[in-house]
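*Asks:* Hey, can you piece these two chains together into the complex? The hints should help.
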Amino acid sequence: MIGNFAYAGIWVLVAIGFVVITFFFARLIRPQRPNPTKSRNYECGEFPLSDSHLQYNVKYYLFALIFVIFDVEVVFLFPWAAVFRALGLFAFIEMLVFLAILIFGLIYAWKKKALQWV
Amino acid sequence: MFELGGIFEAIGKWLNGFLPPVWVTIISAVITGLAVLGFLSLLALFLVWWERKISAHMQQRYGPMRTGWHGVLQTIADGVKLLQKEDLMPKDADRIVYFWAPIICFGAAFMAYLVVPFGKGIIVQDLNIGILYIIAITTFTVVSLLMAGWASNNKWALLGGMRSAAQIISYEVPLSLAIVGAVMLAQTLSMNGIVSAQAGGFWHWYVFREPLGFLVYYIAATAEANRTPFDIPEAEQELVAGFNIEYSGMKFAMFFLAEFVNMFTVSAIAVTLFFGGWQPLFSFLGFIPSWVWFMGKSLVSVFVLMWFRWTYPRIRVDQLMNFAWKFLLPLAFLNIILVGFGIVVFK
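Quick note, the sequences are listed as chains A and B, same order.
Residue numbers for the first sequence follow this note's numbering, so the first one is 1 and each next one is one higher.
Residue numbers for the second sequence follow this note's numbering, so the first one is 1 and each next one is one higher.
Check before you lean on any hint, since a few could be wrong.
Below, in silico cross-link-like pairs of lysine-lysine (DSS-like), each with a Cα-Cα straight-line distance of 25 Å or less [to be verified]:
(1) A:Lys111 / B:Lys326
(2) A:Lys59 / A:Lys112
(3) A:Lys38 / B:Lys81
(4) B:Lys81 / B:Lys53
(5) A:Lys38 / B:Lys85
(6) A:Lys59 / B:Lys326
(7) B:Lys326 / A:Lys113
(8) B:Lys91 / A:Lys38
Here are a few chain B residues that face chain A, going by a calculated C-beta distance under 7 Å [unchecked claim]:
(9) Leu83
(10) Ile103
(11) Leu132
(12) Met321
Not everything, but these chain A residues come out facing chain B in the computed CB check (under 10 Å) [stated by the list, open to error]:
(13) Pro31
(14) Arg33
(15) Pro34
(16) Asp71
(17) Ala82
The set of hints was computed from the structure by calculation and includes no laboratory data.
Heads up, the beta-carbon is just placed ideally off N, CA and C, and yes, glycines get one too.
If we strip away everything but chain B, and leave its shape as in the complex, we get (with noise of 0.2 Å):
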């Protein structure tokens, strides 16, 4: 009952019976490329107007409140609107680059849903190397925050797309090394592998095996989706917009999209890793759908992101830098020897 895994693949059947191979595979990939796009456009109009929402409450303000219910149609007139801006382009920018960086950003953003599992049997497509390929694809952000500086031909566009280059890049080591100790506690790669590994109750969950590396994850995976306090990139009150200041219309909105996507894929991975994935808390509440599970615990995640930002001030471009290599590295070798340590003794 109620489990969406079934579904998918009695349609797969169903088209087998009548289509050559070929035609399968390339329908089902459209069919399921359109319907993570749904999922993730609604999720974006959800999460901007929850974003807006909690920052509100958390400085004693309403928020949005006259657009529908407590201003949930808040984002769609937003989008509605943006959607009939003019797109400024200044007259200097290299325009291929200009047009091709927000197509990258976003497509990188969405790529990462190609292994993400949802829940039980609700994964696109389980690859033998998932979470390698989720760390490869999700880096592309960093070639289309980089065109977008440059190409604007606009001096705060080109700190904001240096700078967030060079963050981005050097959080990319200690959190694929954190990455690292989930993946020797599970001995695979594939996303649904790591999930099962954890089946059980909540005391199997890796959370509580290496508790060290969820916590550099979670730094480094926040510095990622360059969320405050690691917004460094665009920082509106030093660099008024970062690499996105030229963009208008349409084109922004990509930006926009994919920044809110990258948060819940951070959350995602990090529930997929240390949180069980779709496993219910004790093996007895197994009743509730998985992907419920799923979304649950990744919302929660997103939550405290959102929280992070109205708790912590923006730290110093040094600080970033000093913090990632200084700090945060040691600390996830730290982390691969323990882990190393603790299966070799406790097997």
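The shape of chain A in the complex, shown without the other chains (with noise of 0.2 Å):
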């Protein structure tokens, strides 16, 4: 089993080194003459006014983490998903009891308002 996900590390460094040497043979024909003008950034044409690295929505974070919860059981379920049919009507009442409580949450997240975006 090993050995099939050898594949997969091979793979990474087969991608890494198509786009490296396709960007290498584009650096050998494309013009290369920068000047202060285009390497500003885009604006719609203005000059920009501040840096870029500014605040943003708190929003962004909120989603994170309820996206961290909600993931998490995904993986939970996967294994269980794979031998639903051998564990019959038991692991199908467990599963119900674990998704209720899941749902639960879900509800509980909406009646605070964590779902509402703005």
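*Replies:* In structure tokens form, the structure reads like this:
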């Protein structure tokens, strides 16, 4: 089985190699004449007003946190799903309880307006 | 006849004859990698042309007509043009992150093809956690879009990157839950296993066992591939181009390539999970090679994705998030409960 995953490792190198070699060939044939106007940030033709790494909406963090909770739950669901038929009714009821707790969590986040944008 | 699976086995046997196993693994991984790269490049060339022609004909235009027969060489001409373009980088950009973002974006799109079953026996590695591997590896796209948005040091790019991260992680949850439904039916995570579980005619396909799961998967996958109506990250009219605004030349081409490869990836997964993969429609149609079935079904799915683009208007960013969390997620839960109930009752 380790041999199968070795493929994934080698493929990472193949992918990086392909893109880097493409960049290298493009570097050989394309022009390279930078000037201050060209390397200015694009802001619809105006001069950029401030640094772009500014504060943004805190909602993004909140959604990221909710995402982590639900994604971990999906990871728990996969092994259950793969052996579901063998375990039968008992596993089904166990997972119903698990899902119920999670759906309760979703309703709680919904009521607390954590899922509301802006 | 015409089945390609046997050829790969024969090459593997021939290599094993005179080389130590480690080298066989390395050489065959590199060869298959290069083969898939070639396939994906040709596919992207075709898909870009196809999208332009479909868009044109849906708007009663001709689209590209001058380069070759009905403009088939247009994408190659565009690629050559991109290769010659000067590579501009904003002077405040974070150089290292800026350089790596397109590489990770393309790499993530490419790595998914390690486990895609193109046909009977035409699969690079049938990992026993195939579908979980695809979910894991395609999510790296989020990282690359965030990197591109942050490193460009441009307000449009940052907004586009943040939005696409929020969108992709939100739709990731219903997508994975819809896949759980198919895994429950197939009782395996391996891609080949899921395809063989749907053998024996189209009525065994999982789209008829869990239509709700397919619906949730397809909507979420459209959002994952950043296609209209979920193309908020690169909404041309409001964000000018989103995360890739400061990229030019080959770096831009890599993002573009990855986008079209991703579109084919979500179609290929939809076909594998819900439309029987490379299985024929009826078993007596088995004389048609399996990879023809797979490519045919996938291209139909790609066509539907392109059709969406000229049918639905883009949705607003708050509607986008509401739709994922308040509509698709409960629907995905309902699908799992229904599938579980069905299996327990009907075996």
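*Asks:* Hint by hint, say whether it matches the structure.
*Replies:* Hint by hint, here is what the structure shows:
1. Simply put, A:Lys111 and B:Lys326 have alpha-carbon atoms about 11 Å apart, close enough for the 25 Å limit, and the pair holds.
2. For the hint linking A:Lys59 to A:Lys112, the alpha-carbon distance of about 13 Å falls within 25 Å, and the restraint holds.
3. Only pairs whose Cα atoms come within 25 Å are accepted, and A:Lys38 paired with B:Lys81 is accepted, the gap being roughly 19 Å.
4. Only pairs whose Cα atoms come within 25 Å are accepted, and B:Lys81 paired with B:Lys53 is accepted, the gap being roughly 20 Å.
5. Our distance criterion of 25 Å between C-alpha atoms is met by A:Lys38 and B:Lys85, whose separation comes to about 13 Å.
6. Under the criterion of a C-alpha separation no larger than 25 Å, the hint pairing A:Lys59 with B:Lys326 is consistent with the structure, at around 16 Å.
7. A distance of roughly 11 Å separates the Cα atoms of B:Lys326 and A:Lys113; the hinted pair therefore holds under the 25 Å criterion.
8. Between B:Lys91 and A:Lys38, the direct Cα distance comes to roughly 9 Å. Compliance with the 25 Å bound is thereby established for this hinted pair.
9. Among the interface hints, the one on B:Leu83 holds; its C-beta lies about 5 Å from the nearest C-beta in chain A, closer than the 7 Å criterion.
10. The beta carbon of B:Ile103 comes within 5 Å of a beta carbon in chain A, closer than 7 Å, and the hint placing it at the interface holds.
11. Hint status for B:Leu132: holds, given a least beta-carbon distance of 6 Å to chain A, under 7 Å.
12. At about 5 Å, the closest approach between the beta carbon of B:Met321 and any beta carbon in chain A falls short of 7 Å, and the interface hint on this residue holds.
13. Nearest Cβ of chain B to the Cβ of A:Pro31: about 5 Å, under the 10 Å cut. The hint holds.
14. Annotation: A:Arg33 was flagged as interfacial toward chain B, and the flag holds, the nearest CB pair being 7 Å apart, inside 10 Å.
15. Proximity of A:Pro34 to chain B holds as hinted, the smallest CB-CB distance being about 7 Å (cut-off 10 Å).
16. Interface hint status for A:Asp71: upheld, as the beta-carbon distance to the closest one in chain B is roughly 6 Å, under 10 Å.
17. This hint holds: A:Ala82 has a C-beta 6 Å from the nearest C-beta of chain B, less than the 10 Å allowed.
Checked against the numbered hints given earlier, this structure breaks none of them.
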